[in-house]
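K.L.:
As you go down the protein sequences, you meet chains S and D in turn. The first sequence: position 56 = 56 (this note's numbering), numbered continuously. Positions in the second sequence are counted from 1; adding 1000 to them yields this note's numbering.
These are computed hints drawn from the structure, not numbers from a lab. Check before you lean on any hint, since a few could be wrong.
Claimed, not checked - Simulated pairs of lysine-lysine, BS3-like, Cα-Cα distance not exceeding 25 Å:
1) S/K124 to S/K85
2) D/K1032 to S/K85
3) S/K85 to D/K1390
4) D/K1032 to S/K124
Here the structure is a predicted model, which means the values were calculated and not measured.
Here is how the chains run, residue by residue.
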Amino acid sequence: MLELTGLRRTFGDLVALDDVSFAVTEGHIVGFVGPNGAGKTTAMRIALGVLTPDAGHVRWRGVPVGAQIRRSFGYMPEERGLYPKMRVLEQLTYLARLHGVAPTDARRRAQETIEVLGVAARAKDRVEALSLGNQQRVQLASALVHEPDLLVLDEPFSGLDPVGVDVLSGVLRRQATNHGVPVVFSSHQLDLVERICDSVVLIDDGRIVADGTIGELRARRERRLFLVDVLGEADGWHATIPGVELVDTTDDGLVFELGEDVDEQRLLDLARTSGDVVRFGPVHPSLAELFREVVGHE
Amino acid sequence: MSDQHSPVPRPTDRGAWRLVAARDFRVRLRDKGFVISTGITLVVLSLFILARAFTDDTRPSFDLGLTGNDAAAIEQRADQVRAAAERRGVEVNSRGFDDERVAEAALRDGGLDAVLTKDGVLLGLTSVPPVLTQVVADAAVRGRLTAALEAGGATMGEIEALLGQPSIEVRTLEPQDPNRDENARIAFIAVLLAYGQLFGYGVWVATGVIEEKASRVVEILLSAIRPRQLLAGKIAGIGLLGIVQLVAVAAFAIGLASVTGALELPATAVGITFVVLAWFVMGFAFYAGLFAVSGSLVSRMEELQNVLVPVNLVIIVSFLMSLEALQDPDAPVPVIASLLPFSSALAMPVRIAMGSATAPQIALSIALLIAGTAALIPLSARLYAGAVLKTGTRVKLRVAWRSASAVGLEG
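Work the whole structure out from these sequences, hints included.
P.N.:
Encoded structure:
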């Protein structure tokens, strides 16, 4: 388990992280989401030891993370970086060696990794000769090549085509499920996070504002929304129930927010008297909607 | 994929710097810049050596016309001139002329350097080379003395004993190394090479650091290894290449010079090469950290020149002081320069080659250089660690110093 505890970091007057704590457990994929500038990259850089916190600790399996432990981590930084003139296979072999992989295994691992990520055909090419998407795949390979015990990936999906997204999703899922590797990655593609992550950590303005499974986040939310679709209803049929407010009109019907003491059955009864009800049910907000609510940015 | 995670054994990271060194060595060995610079160095050295081989070795030689009708007399005078020339270490080729006007014509068209007429006049075109005048005068005086002594009844043996070279023993209170000029020449080439090597490979360290910073690969590297392992590996790899190149160039130059005869003392040259090499290794260790720090302060290659100015100035001043040592190795400036750590790598080899450095001075120079390097390494490592992950604008030294407190310096 990777634990970040009480991390604080300032850059001049700017507080980038303020008492940030969360954990990533074995076999789990954690989505790290938040608006631009919220502190995601700062937290990830601190976890990898390329930035020092002003306060707080990073622990791996209960032990403070030092250079020796960090060597077993796989990292994809926000600022992508590889030797542009070095050839793909040679570069990955070298990086595997830096992470402590034995010489005989390093080349085999490099070859396997580029095969999994679909760039094996470019093994002998210089990195700079590759398309951006393929460079991204090599970058991912550099985080995976040494069979890391932990994966920390900053925006790993940005710049990937749909096939690349599927490949990477599959790789992360296998790493977590088959190898028990804890995975944490940041992303702005919230539908993707919702689809593949076991839990989500939401950061805003340097503070953790939500942390849990998506179900937990939904349950925690205070708004009760119901979708009602009534055929042939008269406008304003719902206006007679106090504590019911129309918040959205969609193609699928009307979305109401119900006050705490309002029984949804009353709304249904009223709807039925107004016309034929073809849809009625609670609205499960998408992660994106939860995100907007919690962060407060519309 | 297997369901069981097979953890890769993680050996200690102590050898990580060697991996870095091996990569930097290999990458630069294949670099076009390296191949070209090695080629240029070899070509320039070859030209220098070949030029010396074909100019310096020949003794001064003159063509002298002798006029007169008596072939036997001309032959005798030619012998006397040849003997006198031999004593002065020059060569005079004499040719006899029946007709004085033919000899004069030869003088005019450059076929002769001077004409000695049968009346004893030494005729030149615009002037007569002084050495040739002395040779001819010497021959004339000896001719007259021999004739007079013969007339007085002296035997040839007695005349030879009388006119032979006096055996004068020459001694000096402070003898100069007879090979000093040759050594100075070798030292000049050596210091030129050392300067180029120190400077060129130092800049390579700086560009290597910027490359990693500009391509952002440094963040990947430093998530795997510590900053000082990366720094040490880079300096070791590039320094090793510098040593290999220096040895190869020196071996080539000494070999070529020995074969062509441009070098009278190959053994001395080999000795001086070792001295230069030893001080290059120490000097590079001293300077490389500074070059690396300079490089780590900026994120773009375009900013390299500005940030290198301080280090450059120090090396250039050291180079100028070591050139001073070629003129007068015992003057105060070269002596001080050969002792101070920032200049001794260039100045001390010159003074050693010129035979002017004393053993205590050499020992002090080495001690100071090693002490200076030992003091600089942790300083450089800390500044490098603090600056190398800060991309964007140029990093101030103070900022680098403070932010390095923990990055990579732990454990």
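K.L.:
Next, verify each hint and record whether it holds.
P.N.:
Taking the hints in turn, this is what the structure says about them:
For the given pair, S/K124 sits about 11 Å from S/K85 by alpha-carbon distance, which is consistent with the 25 Å threshold. A distance of roughly 13 Å separates the Cα atoms of D/K1032 and S/K85; the hinted pair therefore holds under the 25 Å criterion. Between S/K85 and D/K1390 the alpha-carbon distance is near 23 Å, which keeps this suggested pair within the 25 Å criterion. Between D/K1032 and S/K124 the CA atoms are separated by roughly 19 Å; this keeps the pair inside 25 Å, and the hint holds.
Against the hints set out earlier in the document, no violation occurs for any number.
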